[in-house]
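> Chains as they are written, first to last, in this note's numbering: chain A, 1 to 314; chain B, 1001 to 1315.
Calculated directly from the structure, the hints in this document are not laboratory data.
By construction, the Cβ of each residue, glycine as well, lies at the ideal position given by its N, Cα and C atoms.
Computed far set for chain A versus chain B, every beta-carbon distance over 12 Å:
1) Tyr81
2) Lys86
3) Lys88
4) Gly95
5) Gln182
6) Ala214
7) Ser242
8) Leu243
Pairs of lysine-lysine, DSSO-like flavour, derived with a Cα cap of 30 Å:
9) Lys213/A x Lys1119/B
10) Lys213/A x Lys1118/B
11) Lys1249/B x Lys88/A
12) Lys213/A x Lys1116/B
13) Lys1058/B x Lys1271/B
14) Lys1118/B x Lys29/A
15) Lys1249/B x Lys86/A
16) Lys29/A x Lys1116/B
17) Lys1119/B x Lys29/A
18) Lys1271/B x Lys1249/B
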Amino acid sequence: MGTARAKRTSKAEPGAKKVKFSTHPASDKVYYVFSGIILTSILIAVAYPLIYVLSASFSSGTAVSSGQVLLWPVDISLEGYQAVFKNKDILRSYGNTFLYTILGTFINVTVVMTCAYALSRPGLRGRNFFMILFTFTMFFSGGLIPFYMLMRNLHLIDTMWAMVLPGALSVYNMIIARTFIQSSIPGELVEATSMDGCSDIRFFFSFVLPLSKAVIAVITLFSAVGHWNAYFNALMYLNDRSLYPLQVILREILIMNQVDVSMIMDPELQQANVQAAAVLKYALIVVATLPILCVYPFIQKYFVKGVMIGSLKG
Amino acid sequence: MTSQPLPPGRAKNGSKKSIRSGWQMYLFLLPAVVYIVIFAYVPMAGVQIAFKEYDFTKGIWGSEWVGLDNFRRFFESYPFWTIIRNTLLLSLYSLVISFPLPILFALLLNSFIGQKFKKIVQSVSYMPHFISTVVIVGMLVQIFNPRTGAFGSLYTFFTGNVMPDAFANPDLFPHLYVWSGIWQGIGWSSIIYIAALSSVDEHLHEAAQIDGASRLQRVRHIDFPSILPTATIMLILAVGNLMDIGFEKVFLMQNDLNLSSSEVISTYVYKVGLTIGAGDFSFATAIGLFNSVINFVLLIIVNFAARRMGNASLW
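Whenever a hint applies, use it, and build me the whole structure from the sequences.
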């Protein structure tokens, strides 16, 4: 609904499409030239590091480590990617991250949607009490140490549940979903179907879920990105290397500079291991970010919508 | 609505259904309530160890009360002022830069001509938001690498010297932190303003144009006031989180050389509470509690002020 409105207005934006640039008043021309320069600079500033990383990942180790790459790939090669896919730590953690992302997102969406459905019903007794119970946690929390103690008491340390359970209910997402359900599913539908003997459970599955596709897509996206990028929980609650998600391995290699060159099996690469390490990092950044950027075009229309639904009522 | 065919005899007992609908709805509520009680309210009860001397053998409830000792220890501790200064400096610097820039960006983008160009700028500017903190910091480290990074190469290209290591310089830390945050967030934070701008009544623009208002004047007097309520709410939320410097990014950017400007409350809590050899749970919890209380108070003050000024408020 928001995007539709956005499109309509932007198309009708006075002076945007109907009028040729030369017919604008002189003062407006100055304005457009200036804002064009600023916007182009912003575009370049945002895009340059992204292009640089991509170019460096496709360059040879020698070119990267001698600083020859400035914008485009130099001496195109795939050695960085070869090194990434030969590294056992990276592959295993990649698999772990996939598992945590799928499981964690499923739990998030289930808890959020069921809770949002229940709280969307105006006649629910104690609704205000439950809303306060949930929203209070947005503004106040026990903090790091009490949460750590809880995880320890529940024996969740060094299990994969430490990666999927914390943050399973995002109150913010729940409020977005509740607002969406309230505004898109009319009360008459609830009444009419319950007269027909449709139970609340069945109503949830045959009406609420199908009609909430847009908001489910948004929440799935937000939680999946969150799980894919999650680092904090692993730092806090995992000591077992075999459970490490991708981001922890990324930190070791990218930030703490621990590349185990013995893992690069190719003898030629091993000879030039310093160069290989440099290019491996760029290739690794691309491999780690690619899954998200691949789904990006498909979900782009949804997240603008998601932010707008959220902004309707906080 | 394609209604489901229902058994005819069941249509009449609607009243019975409405009673039944009660417990079914609570069934839907159950997972979330159980979750929030265990994972939010149990830790909140655990905050009491900030006022105790936590003893592993006696547990949270059995440990001895010590009043405000842990807080006093923190206020009198050697790194107290450094940490507070670093936290405030980083958060105020972030706020001053990252609050207005997305607004300006949204205003500029919205008022610009050329739909294709606007779409491209928008799509590219959202992208960094989805990159993980680890990768962002990793990219910073690589790109600012004096020998192999983009900025290192450019520096050498123009000056002929090797660039000094940016991560080893405490003075550069706030700039690296804040501007990389802008790079990552400017597009995403502007969405909400672009959305608000798209609902501006176009007749206002037409009328102003007839009266001879320039584009800049229309941005100033029509577009800007229309996003002011949204901006107020965003400001309230931002100030409410003023002392809440995200742990992850600072922690990842920290090293021994820049520690004098990069140690903030959250990283200090982690250090005294959870790193090997420290593990002072009560002390760390007290510091964390001190932080959340300040945040909470700030939020209430700013919300109150915004309401007094007649603008939007959270509640």
